[in-house]
Each structure stands twice: as C-alpha cells, then as structure tokens.
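Generate coordinates for the entire structure from the input sequences, incorporating the hints supplied.
Letter by letter, the sequence shown follows residues -24 to -1, 1 to 157 of mature numbering (1 follows the signal peptide of the UniProt record, and there is no 0).
Derived from the structure by calculation, the hints contain no laboratory data. Accuracy of the hints is not assured; some may be wrong.
Think about it this way: if two alpha-carbon atoms lie no more than 20 angstroms apart in a straight line, the pair counts; the simulated EDC-like pairs of lysine to aspartate or glutamate are [what the hints assert, rightly or not]:
{"hint": "1", "residue 1": "K128", "residue 2": "E145"}
{"hint": "2", "residue 1": "K11", "residue 2": "E52"}
{"hint": "3", "residue 1": "K11", "residue 2": "E102"}
{"hint": "4", "residue 1": "K50", "residue 2": "E133"}
{"hint": "5", "residue 1": "K128", "residue 2": "D111"}
Keep in mind the model is a prediction, meaning the values are calculated, not measured.
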Amino acid sequence: MKLLKLFILIFAVVLSSCSSIKVATDYDSKVNFSKYKTFAFYKTGIDKAEISDLDKKRILRAIESELLALGFTKSENPDMLVSIFTKSREKVNVSQNNFGYGFGWGWNPWMWNGMNNNVNVSQYTEGTLFIDFIDKDRKELVWQGVGTGALKMSNREKKEARIKEFVKEIVSKFPPGKEKK
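In structure tokens, the structure reads:
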C-alpha cells in the first residue's frame, strides 16, 4: 500500500511539472509604474514574432484581457506600448527507472542481470513568450516578462487555453512590487 501511495505521489508530481510555466521578469527600477494607465500594441515589434498570425491574435487578445482586468485601458494615445517575441525549441526528456516486480528490494526474478532498465524517452516543444512593456514617450523598455513551458499543440482549444495560461502567468507579475492577494 505504501508503494502504491509513493507511485501516485510521484505520478502527480510528474504531471504537475509538465504543465508548469516558469516565469521571470525584469524591469527598470527607476520607473514609477503607477503612471501607466493606458496601453496599445506595438505593431512593429509584434510583426517580427515568428509565429502564425492566428497565434499572434490569440496572444494579443489574452494580453488585452489580462491588462483590462488589471485596470488598464486600451488607447490610441497610450502611456505604454506592448510588444511580444517568441522562441521555441525541441526538447528530449530521457528517464530511467529500475522499478520491478518481485520479492522485496533485493531480489527480483524478472530482472535481467539484476536490473530492470525501463528507459522512457519523450519529445516535446518548449516555447518561450516574451512580453515587453515600452514607455511610449521615452521609447525605452521598462518591463519584460518571460514565460517558458511545454507547448500543447494537439488541437485549437488546447492551444488557445495554453496561450491564455502563459499570458496570465506572465502578466500576473506586472506591475513590479505588487503583492499577490
């Protein structure tokens, strides 16, 4: 029974680690972020992102939704501009376990040469989304959020949900210094 509980715990940890998004932020510590009330998208920067126009639209809609929820207003004459950049790369995960069936930890009749070499190989795409906030008047980057995680491309609904998850995790760190409630 204890072995079953251990297996379930390990399985839950592995599943939760697969869907996590690692987020890092950086910002100009001399900037007063409370002065930013309005935003617009920086088309020049967004056009350089090497993803499909459909994915760009999904990302921009998600960013707009998150910023509106934070109390920002979309404007023709904004305080800050929002730009995105993306990267992706193929990752290979190799894991080995020596779990077997038998009589205790020391001896197992089903092991070949005393070991059970179960090697699992999985391949996935790791994506990185950069969200940049640029001071419109000074034309300087003031805040950058970077989210990295596994991409799930199996269907449109899952892709859209994953994009929303990425954006929510990144934008939740803005503005710097705000405390999580």
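Index of numbered hints that the structure contradicts, given in increasing order | Checked against the structure, the hints that fail are numbers 3, 4 and 5, while the rest are satisfied.
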